[in-house]
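Q: As you go down the protein sequences, you meet chains H and D in turn.
Residue 444 in my numbering sits at position 444 of the first sequence, and the numbers go up by one each step.
Residue 848 in my numbering sits at position 403 of the second sequence, and the numbers go up by one each step.
In short, the hints are calculated from the structure, not lab data.
None of these values were measured; they are calculated from a predicted model.
Glycine is no exception: its CB is placed at the ideal position from the N, C-alpha and C atoms.
Don't take every hint at face value.
What the hints assert, rightly or not - Just some of the chain D residues that point at chain H, by a computed CB distance under 10 Å: (1) Leu462; (2) Pro471; (3) Glu475; (4) Thr495; (5) Ala496; (6) Lys508; (7) Ser518; (8) Lys520; (9) Ser812.
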Amino acid sequence: MANLEIDFCGIKSPNPFWLASAPPSNSAYQVQKAFEQGWGGAVWKTIGAPVLNVCNRYGTIDYKGSKIIGLNNVELISDRPLEVNLKEIAETKRNFPNHAVIASVMVESTKQAWQDIVKRVEETGADGFELNFGCPHGMSERGMGAAMGQVPEYTCMVTEWVMDVATKPVIVKLTPNVTDIVQPARAAVKGRASAVSLINTINSIIGVDLDTFEIRPNVGGKGGHGGYAGPAVKPIALHLLSAVASDPEIQKAKMPISGMGGVETWRDALEFILLGATSVQVCTAVMHYGFRIVEDMIDGLSNWMDERGYTSIDQLIGKSVHRISSFGDFDLGFQTVARVDPAKCIQCNLCFIACNDAAHQCIDMKDLKFKGEPNERPYPVVREEDCVGCDLCSTVCPVDDCISMVEINTGRPHITWNELVKTKPEVLEWDSMEEYRKHAKIHIH
Amino acid sequence: MAEHYKPVKYKAWEMTLKERFQEFYPPLSEREAITEANRCLYCYDAPCLTACPTHIDIPTFIKKIATGNVKGSAKTILESNLMGATCARVCPVQELCEGACVLNDEHKPIAIGRLQRYATDYAIQRDFKFFKKGKPNGKKVAVIGAGPAGLSCAGELAKQGFDVTCYEKKPLAGGLDTYGIVVFREPIEVSLREVKMIEDLGVNIKTNVEIGKDIKLEELVDQYDAVFISIGLGAVPQMEIPGENIPGVLDGLEFIEETKTMPLDQIKFGKRVAVIGAGNTAIDAATISRRLGAERVMMVYRRSEAEMPAYHFEYEFALGEGVSFMFLTQPIAVIGDKQVEGLKCVRMDLGEPDASGRRAPVPIPNSEFVIDCDMVIKAIGQKKYTGFMDALAKLGIGSVKGYIKIDLKTNRTDHPKIFAGGDCVRSQGEASTVMAVQDGKIAAQAITAQLVGEAAKKQPVSASVR
Numbered sequence: 001m002a003n004l005e006i007d008f009c010g011i012k013s014p015n016p017f018w019l020a021s022a023p024p025s026n027s028a029y030q031v032q033k034a035f036e037q038g039w040g041g042a043v044w045k046t047i048g049a050p051v052l053n054v055c056n057r058y059g060t061i062d063y064k065g066s067k068i069i070g071l072n073n074v075e076l077i078s079d080r081p082l083e084v085n086l087k088e089i090a091e092t093k094r095n096f097p098n099h100a101v102i103a104s105v106m107v108e109s110t111k112q113a114w115q116d117i118v119k120r121v122e123e124t125g126a127d128g129f130e131l132n133f134g135c136p137h138g139m140s141e142r143g144m145g146a147a148m149g150q151v152p153e154y155t156c157m158v159t160e161w162v163m164d165v166a167t168k169p170v171i172v173k174l175t176p177n178v179t180d181i182v183q184p185a186r187a188a189v190k191g192r193a194s195a196v197s198l199i200n201t202i203n204s205i206i207g208v209d210l211d212t213f214e215i216r217p218n219v220g221g222k223g224g225h226g227g228y229a230g231p232a233v234k235p236i237a238l239h240l241l242s243a244v245a246s247d248p249e250i251q252k253a254k255m256p257i258s259g260m261g262g263v264e265t266w267r268d269a270l271e272f273i274l275l276g277a278t279s280v281q282v283c284t285a286v287m288h289y290g291f292r293i294v295e296d297m298i299d300g301l302s303n304w305m306d307e308r309g310y311t312s313i314d315q316l317i318g319k320s321v322h323r324i325s326s327f328g329d330f331d332l333g334f335q336t337v338a339r340v341d342p343a344k345c346i347q348c349n350l351c352f353i354a355c356n357d358a359a360h361q362c363i364d365m366k367d368l369k370f371k372g373e374p375n376e377r378p379y380p381v382v383r384e385e386d387c388v389g390c391d392l393c394s395t396v397c398p399v400d401d402c403i404s405m406v407e408i409n410t411g412r413p414h415i416t417w418n419e420l421v422k423t424k425p426e427v428l429e430w431d432s433m434e435e436y437r438k439h440a441k442i443h444i445h
Numbered sequence: 446m447a448e449h450y451k452p453v454k455y456k457a458w459e460m461t462l463k464e465r466f467q468e469f470y471p472p473l474s475e476r477e478a479i480t481e482a483n484r485c486l487y488c489y490d491a492p493c494l495t496a497c498p499t500h501i502d503i504p505t506f507i508k509k510i511a512t513g514n515v516k517g518s519a520k521t522i523l524e525s526n527l528m529g530a531t532c533a534r535v536c537p538v539q540e541l542c543e544g545a546c547v548l549n550d551e552h553k554p555i556a557i558g559r560l561q562r563y564a565t566d567y568a569i570q571r572d573f574k575f576f577k578k579g580k581p582n583g584k585k586v587a588v589i590g591a592g593p594a595g596l597s598c599a600g601e602l603a604k605q606g607f608d609v610t611c612y613e614k615k616p617l618a619g620g621l622d623t624y625g626i627v628v629f630r631e632p633i634e635v636s637l638r639e640v641k642m643i644e645d646l647g648v649n650i651k652t653n654v655e656i657g658k659d660i661k662l663e664e665l666v667d668q669y670d671a672v673f674i675s676i677g678l679g680a681v682p683q684m685e686i687p688g689e690n691i692p693g694v695l696d697g698l699e700f701i702e703e704t705k706t707m708p709l710d711q712i713k714f715g716k717r718v719a720v721i722g723a724g725n726t727a728i729d730a731a732t733i734s735r736r737l738g739a740e741r742v743m744m745v746y747r748r749s750e751a752e753m754p755a756y757h758f759e760y761e762f763a764l765g766e767g768v769s770f771m772f773l774t775q776p777i778a779v780i781g782d783k784q785v786e787g788l789k790c791v792r793m794d795l796g797e798p799d800a801s802g803r804r805a806p807v808p809i810p811n812s813e814f815v816i817d818c819d820m821v822i823k824a825i826g827q828k829k830y831t832g833f834m835d836a837l838a839k840l841g842i843g844s845v846k847g848y849i850k851i852d853l854k855t856n857r858t859d860h861p862k863i864f865a866g867g868d869c870v871r872s873q874g875e876a877s878t879v880m881a882v883q884d885g886k887i888a889a890q891a892i893t894a895q896l897v898g899e900a901a902k903k904q905p906v907s908a909s910v911r
């Protein structure tokens, strides 16, 4: 069986699966139960400033019969007394010396407050800190959480305060509620942080009750933005992770990243690892199914690694990062066309209507006499010379491997947009662009 | 048949003989399996897990199909039940796991059996080996009878490091999984793969060896540290009616066995077949007859529809196959000279409840009539091996209603070294593969505890309690 152990800036963990700082990591009971069931680490639910919670706290999006593809919350950081949390963190670390126990902290924005909490947490024996610069609701209005993470200068300042006294690794948790996540990530580097983690939850309103016009979740007739998480946010998280992981300044700092946002299965976790995460944090999936999901995460990941000959997580971290590119560097000469396999086609014709109404009108309904039956219904057939290779038809097709996107050689030059505008700046004018297209045999219909 | 099953359309005249004996339920496609797996709620402390006699961690194996960890899924199944591929096909799932599914009330249950088949087939196709022979512990166990109970016990013991020898009187191991399940429910290859898996664990299976004839039971008891008896039951008993020995009167189990071991076009079948009995074996004999080409198949049963022992889904299956049922009909003689020409019967009525608690059938005077038929198939239960039972009695082992008496917690008999399981101990409850597999497991655990100490038990993931 593959070795799933990781070393996250000195924090050892039997596997890359950590509980994210959230309701599932609220107490010693929960974290120790999670460790017993296989979780490699846990970031304790944020401790620090005193708070009071409200009800209801959660709102969810169900989609076509599937429960909870997205979940938002207006719950605050831990509302249990600081002393109790510190005692339980110490007990948990004592009972599980080989698991990663990380304290998430958040206090008011003074040097004194931050340095005090760091010193107190250090006494528990916890393996490290995660600075909560991301909580988007409740705390941000009090000048904490996302209010810190949205201003790179603050991120850097508080990180420096912490680093001045911390002897254990410090992870800066980034908020996605910014225009460019690379800026606060660089601020964490500048503040000498040991690592970053991302993403925290995304600002959201989950919905409106059509009978009462109330906002969900409904807090006594009112509602407000809460942090959005769950499977639906995974693509956003993967993007922000890849933006940080591919940033030259972050790469230069050799800073490990803890990835999260919509991880439910070992496959999700693996995608985060391939895009640069060393550890992967999970919350919503545990809130839906319980700690037991980790058994399949471990089993599925190690089976996948065994089948492909990987023996350690290190061999996988960031393996897809070099493929993260930008539009200007894509090959304009790369051409695919769609092909429909009539033997697999069930004639739902979703590809036809998608292409006809929403793409480039290059699928025809043809009588193929494929089955030779009288009154045979027509089949969708791609007019390849007109297909732009957008991939819409294959994504709407309900049958596996029925529509495939096939690479074809058009004889067009393999050139990127950046190269093109450098060598032929005139294409930025329509007349010259038309001329270039004619020359390059790019036919737009 | 539950509506989520999609049986092939059965139009005999449009199918070749070979096609008619293909597995009735087609395998699930990957998309079907994933869609169905995602429908599972992944209940905590799930009732399906409890309803399975072998306690397969069903929510976990289904979750693993959903996440694409099908290899892990198969392992989860086989950890609890080495005969998982057979059980996926033959278990009365409506009565067990699927019957307990929480979605029964509001929805339709998860197709657990078919998902189990998907995962175990996936593992078989890729030849995954999940278990290894344990470190030898120096103890030897003999297993008598290589049916599902014997193979399960042998496999579990081999995993614990026992040196296991399995004695089987038939040419092939697998017991009724190999010989007694209709081929369109389970092809013989599935059972033989399971036999191979047990052999790969280091179990020595000796076929064509009959205990009591080739080797004395006492010798085994002397030579081995423990003996597990899983001899099953014998042939169909005599009906004690005139004409029973006329050519054309068949034993239901032997008839099923022919479809598993002979070329289909060489099996003799009647044009008009009367099947006596209404249990699952009788249904099998009837549906096989239809699929072989019998024009008319009548099931003759002395009680009514309500008392018939066959599973309801089997009854519906038979109806769909064009089998007709003659309830409250008691055979009294087979008519014919050199060949069966008819079955003489008497009409029955239901009287007061008998010892079995079911209303006793009572003949209606002067209601005799003859069913025209050229073949009669008997499927009225199985005989106990009385000779073997006598040998056991000499060792001080008691019996219950002709079945071997065991302690239900350990499957130990009255003899400290001798354990038993499978149909030969089933004095109460349904005889089935899955019960036999569990017997083997229980006995293996008890033998391990008795000879080397308690073995560690794996907690199911979907019901682990702190």
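Q: Among the hints numbered above, which are violated by the structure, and what are their numbers in rising order?
A: 1, 2, 4, 5, 9
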